[in-house]
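**Q** Taking the hints into account, I'd like the entire structure generated from these sequences.
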Amino acid sequence: MQERTLDICLGCALLGLGALLWTQLEGLPVEGVLFPAALICLLAAGSLALIARALLCGSGVVDFFGETPARQWCMATALFAAQCIVAMYVSFRLGMGCGMLLMLFLLSPARTGRSLAGNVLFVAAFLGALEIFFCRIMRIYFPENLLF
Amino acid sequence: MFDFSTVLSNLSDPVTLVLMAASASFGIVMGAVPGLSGTLGIALLLPFTFGVEPHQALLMLGSVYCGSEYGGSIPSILINTPGTAAALCTTFDGHPMAMKGQAQKALFTALIASIFGGLFGVTALLFLSSPLAAVSMSFGAPEQFWLCVFALTIIASLSSGNVLKGILGALLGLLLSCVGMDPVTAAPRFTFNTMELMGGVNVVPALIGLFAIPQALMLLRPAGARPPMAPYVPAPGVLWETIRDFCRRIWVAGLSGVIGVVVGIMPGAGGNIATFVAYNETRRFSRTPEKFGTGIMEGIMAPEVCNNAVVGGAQIPMLTLGIPGSAPAAVMLGALMTHGLKPGFALFTEQADIVYTYSVGLILSNLMILLLGCFFVRLFVTALKIPAHYLLVSIMAMSVVGAYSINSSTMDVMSMLGCGILGYLLIRARFGVAPLALGLILGGTLEEGFKLSLHLGEAEGNVVAFFFSRPQSLALIALTALSLIYSFWKEFSARKRAAA
Amino acid sequence: MGLLRFLTVLAAFLLALPAGVVAAGYPSKPVAILTAFNPGGGSDVSHRLLEKYGKGVFDTPLIITYKPGAGGEIGWTTLAAARPDGYTVGGVDLPHIVLQPMLRKKGQPGYQTEDLFPLCGLVYDANVVMARADSPWKTFAELIAFARANPGKVRVATVGKLSGDHLFLMQIEKATGAKFAQVPYAGSGKAIPALLTGEVDAYFGSGSSFLRMENTIGLAVGTRERYALCPDVPTFKELGYDIESIKFRGLAIPRNVPEPVRAYLESHFARLCANPEYQEAVRNGGLMPAFCSGREFADIIAREKAAAASLLKEFGVIK
Chain A
1 MQERTLDICL GCALLGLGAL LWTQLEGLPV EGVLFPAALI CLLAAGSLAL
51 IARALLCGSG VVDFFGETPA RQWCMATALF AAQCIVAMYV SFRLGMGCGM
101 LLMLFLLSPA RTGRSLAGNV LFVAAFLGAL EIFFCRIMRI YFPENLLF
Chain B
149 MFDFSTVLSN LSDPVTLVLM AASASFGIVM GAVPGLSGTL GIALLLPFTF
199 GVEPHQALLM LGSVYCGSEY GGSIPSILIN TPGTAAALCT TFDGHPMAMK
249 GQAQKALFTA LIASIFGGLF GVTALLFLSS PLAAVSMSFG APEQFWLCVF
299 ALTIIASLSS GNVLKGILGA LLGLLLSCVG MDPVTAAPRF TFNTMELMGG
349 VNVVPALIGL FAIPQALMLL RPAGARPPMA PYVPAPGVLW ETIRDFCRRI
399 WVAGLSGVIG VVVGIMPGAG GNIATFVAYN ETRRFSRTPE KFGTGIMEGI
449 MAPEVCNNAV VGGAQIPMLT LGIPGSAPAA VMLGALMTHG LKPGFALFTE
499 QADIVYTYSV GLILSNLMIL LLGCFFVRLF VTALKIPAHY LLVSIMAMSV
549 VGAYSINSST MDVMSMLGCG ILGYLLIRAR FGVAPLALGL ILGGTLEEGF
599 KLSLHLGEAE GNVVAFFFSR PQSLALIALT ALSLIYSFWK EFSARKRAAA
Chain C
649 MGLLRFLTVL AAFLLALPAG VVAAGYPSKP VAILTAFNPG GGSDVSHRLL
699 EKYGKGVFDT PLIITYKPGA GGEIGWTTLA AARPDGYTVG GVDLPHIVLQ
749 PMLRKKGQPG YQTEDLFPLC GLVYDANVVM ARADSPWKTF AELIAFARAN
799 PGKVRVATVG KLSGDHLFLM QIEKATGAKF AQVPYAGSGK AIPALLTGEV
849 DAYFGSGSSF LRMENTIGLA VGTRERYALC PDVPTFKELG YDIESIKFRG
899 LAIPRNVPEP VRAYLESHFA RLCANPEYQE AVRNGGLMPA FCSGREFADI
949 IAREKAAAAS LLKEFGVIK
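Chains as they are written, first to last, in my numbering: chain A, 1 to 148; chain B, 149 to 648; chain C, 649 to 967.
Bear in mind the hints are in silico, worked out from the structure with no lab data behind them.
Certain hints may be false.
[Said to hold, decoys possible] DSS-like cross-link-like pairs, simulated, lysine-lysine; straight-line CA separation at most 27 Å:
#	chain 1	residue 1	chain 2	residue 2
1	C	Lys700	B	Lys490
2	B	Lys490	C	Lys703
3	B	Lys490	C	Lys786
[Claimed, not checked] From chain A, some residues computed to sit far from chain B (all C-beta separations above 10 Å):
#	residue
4	Gly16
5	Cys57
6	Ala124
7	Ile132
8	Arg136
[What the hints assert, rightly or not] Pairwise CB distance ranges, derived in the manner of DEER restraints:
#	chain 1	residue 1	chain 2	residue 2	range
9	C	Pro709	B	Leu527	31 to 37 Å
10	B	Leu622	C	Arg943	56 to 62 Å
11	B	Ala383	A	Gly66	29 to 35 Å
12	B	Val611	C	Arg872	38 to 44 Å
13	A	Arg71	B	Arg526	34 to 40 Å
14	A	Phe133	B	Ser157	32 to 38 Å
15	A	Leu34	B	Ile625	16 to 22 Å
16	A	Leu17	B	Ile398	43 to 49 Å
17	A	Ala129	B	Phe275	39 to 45 Å
18	B	Val611	A	Glu26	22 to 28 Å
Note that the Cβ used here is the ideal one computed from N, Cα and C, for glycine as well.
**A** What follows is the structure in structure tokens.
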């Protein structure tokens, strides 16, 4: 994608964000409003400058995926997001365990039974170490939601 | 005055030394796990100190504090994720150095720099407490505001070539810091009437998200491709080579140490702000500023010396005035009071033995960290050898766990996720994440200084004049202006040279 | 084959992990004291003392957990929503827990004062009018006279706006007719250096802050009789003003905790608070130990709520 196009889109998005946040400032006491209001104004000015600069002298290409294959990137990101949500709202251990296992399957260079077993062992050891270090030693407990 | 023989006998007790070593190791681990921090480490260790003598308790907690400031550099260097907010600047040069295959040198640099900084800070604590406490009293709300503005000018150097995007990133970070309940007026801002956003976006989960997740995503490669990190080749003698190179650049350590102590004594400004200022000033005075960010020793030395010097600096007002200079110092203050010690100048006269045992003991603690550090470096560096996909999955899992464990908050994990995706987008769009991180860290302190100065100015009658009236403020304003002018001039002359 | 074995081991491991044992008797695991503020703060120190002296009194250890944010709202909302099994107790501060629900805007989510069931009162902290020892005014009367002559010029530090300290300031302004310039700080950790460095002229706030500072004088204290922790400071009653201002602190539990569990907690905390060493440590921290039962604490909460509501209505803050 051209950097120029991206900059224009981002500039507009920032202007939209500024407008949205501006509406949220209603009803607040004056001294709580001054600082964010000033920031929003500066943000708007900066976005306009960005758009102007992109229109006048934009150049260059941006690469979203870098050296990563697009499919792998999307799957990894979706998997990570799912891992966070499941771990926090459904079951911590299940979410973390399944998330890590699936990610390992996705990323493993080899797909043999031995590497599969290795992955499972790694995940079990990792979760076990977390349990010992966080829950037993430091008494920081993980969320207990729907399932264990 | 104090009795030197008592101090000596206190410190040569083997139980005390073992406790200190264990606490220092705990501190290093706490600093090294992103999400855990020295503050949490001190709070967690506190109940274990109830059964020991007050001086032993203080030494244990102080060792945790020192250890965590060193520990924070380890993930910064190895996985480009700051272990503590104060280790953020270490990522700028620490990680590139590791990517070049010099991970061991980077880690040793951080270790030696941390010890130097720690000793520097403790020396200030031992010999300069009174005058520095007096200086700390002269900083007020306008100075807090201008110091943050000064720290923000380093965006110009963090994003050279694309200052506009850097400024936008910083503004976004400042706006993010406004989300949540205003600490003074108790009015919720930008919460869209949800409970989750009431607590705002906490700094440490956001930092984990901004740095660890994009890093992990950018390490993804098709199966079997060449790994992005240069292979680590262990070489003997790296430690001595590092020490020799460190001594050649001792001016960096001296400058950063002074900055660390000075910013540490200011209540309200801690390691976060100090390391940014140290990195920026070191770069400004260096003969090769363009090499900063590519993985040079000075870029690691500056923040690491600084954040360990803050340990000593922040405890000066804590012990003398009962005013902590940083968040971990605040917890230490609470610990002091739980043990029945009341901070103040009386502490130095009535309980002098304890205070001097503690201060001298911190020197010992730093030396212990040096020895422990050498061991930890070898341990962590072998972790680099595990296959890339295991490393990636571990980083992502630790991000979730680290973000959750700070406040047992689900919202923190969601912030981490959101900031992770945002961070990746920003990096690809050539905005960079450092300005946003800087804005997020400084936003609260900046706004607090701003609001207080408004109130104080109103009471004096002239708000605008109040911001510019005090000599300390004027000094900071002058520094800010000089910093900006210098950056613009350098950029301008570099462009002229390129065009010529 | 190897895979199946590994999976079995993994399953067994995961099933063995849950730490909570199905309760035979209460308490069977540590009781958590939820602190709604950051580690190192005033609440944390109080709770650490409970943790320290709880050994030997409680059958399982007391542990401290933190849930800071939004001035306590997050912690107290978490407390109100916690499982009523007796393993979560929260430290609550007055007048925060009555003020926050009162001042919330419509549509904003959060706890109600009634969602927090009072377990027991622990300590109180009297409010004090503080000034530096080298100030031009040495008595409360002098301060008021100066303030009346120069309305809006005397800078007074308070912790927060529409908070306990602000209510204290409002009471003083109402009773004396003087007008001060309020400078709100985010916490006592910021207000104390402000007074010591001269950024503000006076600090209307907690006695615990007063006792931590050196070279300061107390001009008036908000208790009915002279406060034992600073007996040289005259009370408002002695000076002729009808002002009483104290911050109470206690413990609360979520609603619907079974009665035997509640009774266990209340009786054991009563035993803990009767320990003279604990009381001495509390006094050293600048607070006055004053244990009272859950019912008495509920009465205190109701009284504070009524007083705050009438004061805020008078100043036009709420309708």
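**Q** For every hint, state whether the structure bears it out.
**A** The hints, checked one at a time:
1. Lys700/C to Lys490/B: holds, 18 Å
2. Lys490/B to Lys703/C: At roughly 24 Å apart (the allowed maximum being 27 Å), lysine 703/C and lysine 490/B satisfy the hint.
3. Lys490/B to Lys786/C: With a Cα-Cα distance of about 26 Å, the restraint between lysine 490/B and lysine 786/C holds, given a limit of 27 Å.
4. Gly16: holds, 13 Å
5. Cys57: Holds, since 12 Å exceeds 10 Å.
6. Ala124: The assertion about alanine 124/A holds, with a minimum of 13 Å to chain B.
7. Ile132: It holds; isoleucine 132/A is separated from chain B by about 13 Å at its closest Cβ, greater than 10 Å.
8. Arg136: holds, 13 Å
9. Pro709/C to Leu527/B: 31 to 37 Å: holds, 32 Å
10. Leu622/B to Arg943/C: 56 to 62 Å: Holds - the Cβ-Cβ distance for leucine 622/B and arginine 943/C, about 59 Å, lies within 56 to 62 Å.
11. Ala383/B to Gly66/A: 29 to 35 Å: Since alanine 383/B and glycine 66/A have Cβ atoms about 31 Å apart, the given range 29 to 35 Å holds.
12. Val611/B to Arg872/C: 38 to 44 Å: Hint holds: Cβ distance 41 Å, inside 38 to 44 Å.
13. Arg71/A to Arg526/B: 34 to 40 Å: For arginine 526/B against arginine 71/A, whose Cβ atoms are near 39 Å apart, the range 34 to 40 Å holds.
14. Phe133/A to Ser157/B: 32 to 38 Å: holds, 36 Å
15. Leu34/A to Ile625/B: 16 to 22 Å: holds, 20 Å
16. Leu17/A to Ile398/B: 43 to 49 Å: Check passed, 47 Å falls within 43 to 49 Å.
17. Ala129/A to Phe275/B: 39 to 45 Å: At 44 Å between Cβs, range holds.
18. Val611/B to Glu26/A: 22 to 28 Å: Roughly 24 Å apart at Cβ, these two residues keep to the hinted range, so it holds.
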